[in-house]
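J.: First to last, the protein sequences are chains L and B. Just so you know, we're using my numbering here: the first sequence kicks off at 1 and counts up by one. Just so you know, we're using my numbering here: the second sequence kicks off at 1 and counts up by one.
Quick caveat, the hints were computed from the structure, so don't treat them as lab data. Hints may be right or wrong, so weigh each one.
25 angstroms max Cα-Cα, derived SDA-like pairs, lysine to any residue [unchecked claim]:
1. L:Lys10 x L:Thr74
2. L:Lys50 x B:Thr84
3. L:Lys223 x B:Thr84
4. L:Lys133 x L:Asn58
5. L:Lys169 x L:Gly140
6. L:Lys116 x L:Asp260
7. L:Lys291 x B:Thr84
8. L:Lys291 x L:Ser77
9. L:Lys196 x B:Thr84
10. L:Lys39 x L:Asp25
11. L:Lys212 x B:Thr84
12. L:Lys169 x L:Leu59
13. L:Lys20 x L:Ile34
14. L:Lys277 x L:Ile28
15. L:Lys254 x B:Thr84
16. L:Lys116 x B:Thr84
17. L:Lys10 x L:Ser21
18. L:Lys20 x B:Thr84
19. L:Lys165 x L:Val300
20. L:Lys263 x L:Thr74
21. L:Lys249 x L:Lys116
22. L:Lys20 x L:Gly213
23. L:Lys304 x B:Thr84
24. L:Lys165 x L:Arg302
25. L:Lys20 x L:Leu59
26. L:Lys39 x L:Asn58
27. L:Lys212 x L:Leu178
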Amino acid sequence: MNLAIICPGKNPEPWIEALKSYQEDLDIQVYPEITEPEKVEAVLVWQHPKGILSDFPNLKLVSSMGAGVDHILTDPSIPAHLPIVRIVDDRLTWSMTNYVVMGVLNYHRQITRYQKDQKRKVWDMSNPEIPVKVGVMGVGALGYDVLEKLDFMGFEVAGLGFTAKENFKFPYYTKEQLNEFLQEINVVVCLLPLTKDTENILDMEFFKSCQKGTYLINVARGKHLVEEDLINAINEGYISGALLDVYRKEPLPKNHLFWDQEKITITPHIASVTNPKAAVPQILENFSRVKNNHELLNSVDREKGY
Amino acid sequence: MLSFKDASIYMPLNTIAVYWNEFFIAFVLSYNCLTGLKILTSSKIISFLISGPMILCSYSKGVKEFRTLHYEFSNHLSGEESRTMD
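Build out the structure end to end from the sequences listed, making use of the hints.
T.: See below:
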């Protein structure tokens with residue numbers, strides 16, 4: 001199968017190396033040096049230039065280079081019949097869960113407070129633990145793993161998703177029960193896919209529906225959060241603080257207000273990053289499946305947006 | 001709208017004009033015509049002005065490079081940033 005890698009601004013070499021290590025004879029063309037577009041049958045993409053996929057008349061498969069596919073689904077020129085798949089990688093899930101657990105524990109055991117106390121030589125033994133009940137919005141592969149690990153650690157948890165689920169292992173709420181969900185928890189983790197239904201979901205109305213002093217962890221997409229609303233919600237006491245890994249504009253501009261917010265901890269979109277070596281086997285498996293007309297792994301439902 | 005391929009039959013000066021025109025039309029379309037122009041920031045206008053000569057220079061390398069620049073500039077205008085693969 002002839003493959004094109006299209007990831008402007010990203011280094012494709014680790015991907016080429018990983019692909020070749022599994023399949024030495026794979027024909028790989030890399031954007032923008034694609035000289036034989038008619039030969040391309042599959043594309044690996046990350047933030048591809050919109051419209052470019054129409055250059056490949058024999059394209060049979062579009063594969064995201066990460067778990068997210070919002071960067072693909074915002075390209076209206078991709079023909080409806082073309083299957084889209086994404087990466088579901090245990091390593092990526094492990095990293096994401098560790099990050100969220102870190103955020104929850106940091107809030108629960110207030111490590112930031114003790115770091116400040118140390119600097120000021122303050123010995124304050126009051127209220128060493130903040131009681132925590134964690135709500136995870138988005139209960140796919142990532143969200144479910146977070147729920148399981150936090151549950152194992154003894155935290156009370158609840159999940160929220162956009163579709164009804166039967167026999168879910170944890171207390172589960174649908175989007176119609178959002179207010180009820182928010183009243184049950186005091187740490188909210190956003191792991192939702194970015195769709196038209198979830199964009200800007202973390203706005204002032206959302207924050208006002210939370211229990212007073214709720215802590216926010218956003219590790220999904222920057223566009224879930226209305227950033228000005230978060231600052232206002234913290235100033236007005238609806239939200240006690242936040243741990244953010246994703247932003248509407250990345251890298252975060254130097255003059256962004258988040259840099260100077262004492263109650264907001266920011267990390268530079270490092271919660272979990274796709275590992276090419278871990279991702280390649282499922283990509284190659286999907287190439288094989290599409291050639292043999294078999295059901296694809298980790299298919300994306302365009303209607304749902306994930 | 002003239003296509004990039006059609007443009008190659010013109011004399012160099014005309015071709016440059018056509019390419020520029022093509023780019024300008026794409027630029028305006030990407031901002032939903034006039035309504036979009038209202039939200040132009042000064043940095044984007046500067047980017048646009050700088051990209052013009054860049055595109056003209058790239059003409060000597062052929063249409064493919066022009067299209068690459070065009071695509072990438074369109075993405076820049078749409079606000080897409082280089083984001084972590086996750």
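J.: For each hint, tell me whether it holds in the structure or not.
T.: Going through the hints against the structure:
no.: 1; hint: L:Lys10 x L:Thr74; result: holds (19 angstroms)
no.: 2; hint: L:Lys50 x B:Thr84; result: holds (18 angstroms)
no.: 3; hint: L:Lys223 x B:Thr84; result: holds (14 angstroms)
no.: 4; hint: L:Lys133 x L:Asn58; result: violated (51 angstroms)
no.: 5; hint: L:Lys169 x L:Gly140; result: holds (13 angstroms)
no.: 6; hint: L:Lys116 x L:Asp260; result: holds (16 angstroms)
no.: 7; hint: L:Lys291 x B:Thr84; result: violated (30 angstroms)
no.: 8; hint: L:Lys291 x L:Ser77; result: holds (23 angstroms)
no.: 9; hint: L:Lys196 x B:Thr84; result: holds (21 angstroms)
no.: 10; hint: L:Lys39 x L:Asp25; result: holds (15 angstroms)
no.: 11; hint: L:Lys212 x B:Thr84; result: violated (32 angstroms)
no.: 12; hint: L:Lys169 x L:Leu59; result: violated (40 angstroms)
no.: 13; hint: L:Lys20 x L:Ile34; result: holds (18 angstroms)
no.: 14; hint: L:Lys277 x L:Ile28; result: holds (16 angstroms)
no.: 15; hint: L:Lys254 x B:Thr84; result: holds (18 angstroms)
no.: 16; hint: L:Lys116 x B:Thr84; result: violated (31 angstroms)
no.: 17; hint: L:Lys10 x L:Ser21; result: holds (20 angstroms)
no.: 18; hint: L:Lys20 x B:Thr84; result: holds (23 angstroms)
no.: 19; hint: L:Lys165 x L:Val300; result: holds (19 angstroms)
no.: 20; hint: L:Lys263 x L:Thr74; result: violated (33 angstroms)
no.: 21; hint: L:Lys249 x L:Lys116; result: violated (30 angstroms)
no.: 22; hint: L:Lys20 x L:Gly213; result: violated (51 angstroms)
no.: 23; hint: L:Lys304 x B:Thr84; result: holds (23 angstroms)
no.: 24; hint: L:Lys165 x L:Arg302; result: holds (20 angstroms)
no.: 25; hint: L:Lys20 x L:Leu59; result: holds (21 angstroms)
no.: 26; hint: L:Lys39 x L:Asn58; result: holds (7 angstroms)
no.: 27; hint: L:Lys212 x L:Leu178; result: holds (15 angstroms)
The structure does not agree with the numbered hints 4, 7, 11, 12, 16, 20, 21, 22 stated previously, though it agrees with the rest.
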